[in-house]
Amino acid sequence: MPDLPTPQDAAEAAQFSECWDAVLSYADLCTSGSTAATQLATEAFSLGMREARDAQSAPARGTGRRPARLPRIPLLLTAVRNTAAAWEIQGQGHKLDPQLRLWLNSDEAARYNGPPLRRPLALRGLRDLQEPDAALLWLAEVEALPLSVVARRLGLDPAVVGEELGQVRGLFRDRCHRNHLDTPMDAQCRSYARLLDAVTRSPAADAPNDLSRHLARCMECAEAAACLRLHGGGLPAALAGGVIGWGGLAYLERRRRAAEVRLGAGRPGSADGESGPPNPGAHKARVVRNGLLVAAVLVSLLALAVSMMPGAGTDNGVASPGDSADRQPVADPRSSVPSTVERSSASPEPSATASPGTSRASAGKNPGVTPQGTTPTTAPEPDPSTSEPAPCRVKYDLVGEWPDGFQATVTVTTARALDSWRVAWSFRDGQQVGQMWDASFAQSGSRVTATAADYNKTVSANGSLAFGFLASWQGKNSPAYDFTLNGHSCTKA
Numbered sequence: 000m001p002d003l004p005t006p007q008d009a010a011e012a013a014q015f016s017e018c019w020d021a022v023l024s025y026a027d028l029c030t031s032g033s034t035a036a037t038q039l040a041t042e043a044f045s046l047g048m049r050e051a052r053d054a055q056s057a058p059a060r061g062t063g064r065r066p067a068r069l070p071r072i073p074l075l076l077t078a079v080r081n082t083a084a085a086w087e088i089q090g091q092g093h094k095l096d097p098q099l100r101l102w103l104n105s106d107e108a109a110r111y112n113g114p115p116l117r118r119p120l121a122l123r124g125l126r127d128l129q130e131p132d133a134a135l136l137w138l139a140e141v142e143a144l145p146l147s148v149v150a151r152r153l154g155l156d157p158a159v160v161g162e163e164l165g166q167v168r169g170l171f172r173d174r175c176h177r178n179h180l181d182t183p184m185d186a187q188c189r190s191y192a193r194l195l196d197a198v199t200r201s202p203a204a205d206a207p208n209d210l211s212r213h214l215a216r217c218m219e220c221a222e223a224a225a226c227l228r229l230h231g232g233g234l235p236a237a238l239a240g241g242v243i244g245w246g247g248l249a250y251l252e253r254r255r256r257a258a259e260v261r262l263g264a265g266r267p268g269s270a271d272g273e274s275g276p277p278n279p280g281a282h283k284a285r286v287v288r289n290g291l292l293v294a295a296v297l298v299s300l301l302a303l304a305v306s307m308m309p310g311a312g313t314d315n316g317v318a319s320p321g322d323s324a325d326r327q328p329v330a331d332p333r334s335s336v337p338s339t340v341e342r343s344s345a346s347p348e349p350s351a352t353a354s355p356g357t358s359r360a361s362a363g364k365n366p367g368v369t370p371q372g373t374t375p376t377t378a379p380e381p382d383p384s385t386s387e388p389a390p391c392r393v394k395y396d397l398v399g400e401w402p403d404g405f406q407a408t409v410t411v412t413t414a415r416a417l418d419s420w421r422v423a424w425s426f427r428d429g430q431q432v433g434q435m436w437d438a439s440f441a442q443s444g445s446r447v448t449a450t451a452a453d454y455n456k457t458v459s460a461n462g463s464l465a466f467g468f469l470a471s472w473q474g475k476n477s478p479a480y481d482f483t484l485n486g487h488s489c490t491k492a
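0 is the number of the first residue of the sequence shown in numbering that gives the first Met the number 0; add one for each residue after it.
Because the hints were derived from the structure by calculation, they are not lab data.
Just so you know, these numbers come straight off a predicted model, no measurement behind them.
There's no promise every hint is true.
Stated by the list, open to error - Distance windows between CB atoms, simulated:
1) D53 to Q91: 20 to 26 Å
2) L146 to A186: 41 to 47 Å
3) A416 to D106: 42 to 48 Å
4) G486 to L146: 25 to 31 Å
Stated by the list, open to error - Dumping the calculated EDC-like pairs for lysine to aspartate or glutamate here, alpha-carbon to alpha-carbon at most 16 Å:
5) K94 to D27
6) K491 to D481
7) K475 to D428
Ideal placement from N, C-alpha and C gives every residue a C-beta, glycine not left out.
Could you put the whole structure together from the sequences, leaning on the hints where they help?
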């Protein structure tokens, strides 16, 4: 394995030392083992340093202007991608991830080194920014560093770095809009270009249904929408996917987790105070607090165990005066499973996760026994034959799929008028949503929840709502299932 490249001076050494973990993280995604990952990162690091030096020494194109180039980290990440492509050509493809090899031989990979006007919009927009502005945008949005750390790295004033970031976002959007209009496109895409610009400028803008349908079918216009829409949280995914290419969303997730670890699992003070002296008093306080939390959990579990013992709280089968039929355990295990509560409140049907030995018929054999956690006045369960039909129907369409990602749309028809809506579903194969349009989203494990935007909250009775998203997948990409609308189960259309 070759040695790491040697910096020319101390400033270069300091800059590139901050980039090595990012390069190695992406190289690890691209390869099939740690040894190959280190080799790929080392070669890419040397290539990236040479490209940076060449760009630094290149003659200016005009008065005060330098050639367009990427900031340090994305420059090195593209060097990883280019080095992997060289490995594939040189017969070293067996060291690479199989999905990456498929991507490298696809038309999508050719975009990144093809004609400039055909390259991804985010890549072109980031190149068009001044390098300090592009570095600020990348470190804050993709590397997920706190603004205080970003300001320290770039030598900016921490008091105004947030305002500067907002201005840079606007500059990036303007560059992407200009590049989108310059991109060769067919007549239909051209007809939607200016409408797309108007809709994405404001979170309150109303997106026409025909535009939403077009975005669900056209990947290039959906890519443009992600770059132009600064609100909604989709900019990091647009940057990572558009600049890096294959594995962009996975890299983004890795960097966010790395940032959380550096910050001490979400404690913002640890980043700024990491260079200060240790604080024994704070450490003792954390130990005491953690001890109290552990003790509280143990007491709750003990109380829960006692409440579940046969005959607990009785004397020879006679209940004590303080007990009641609706008494709950100290720690209700249902409180930590919101998705189960949502589904159980949405439908009168019994839980699908009931034990195999329990059925509705067996529950009715002994009406004098009340299950724990319920009251004797619990209403009887309705007969399935007389229950109301599902209040909504859902259609899930897989618009397009590529080696590490896919695009899908969801259309829900509701029988009732809605003032707002929330659509939830589950994935079977670990798919991860990266960006969404016409709704905001949150994902917890396999469960995804899409919430209405300000401009499409209202839906009339027997009307439809629709939104689309981009997501990543590995190995298998089964369709989404278990859809609910505002907590009520939906049937497939």
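Here's how the hints hold up against the structure:
no., hint, in the structure
1, D53 to Q91: 20 to 26 Å, "holds, 25 Å"
2, L146 to A186: 41 to 47 Å, "holds, 43 Å"
3, A416 to D106: 42 to 48 Å, "holds, 45 Å"
4, G486 to L146: 25 to 31 Å, "violated, 37 Å"
5, K94 to D27, "holds, 11 Å"
6, K491 to D481, "holds, 10 Å"
7, K475 to D428, "holds, 6 Å"
Hint 4 alone, counting from the list given before, is not met by this structure.
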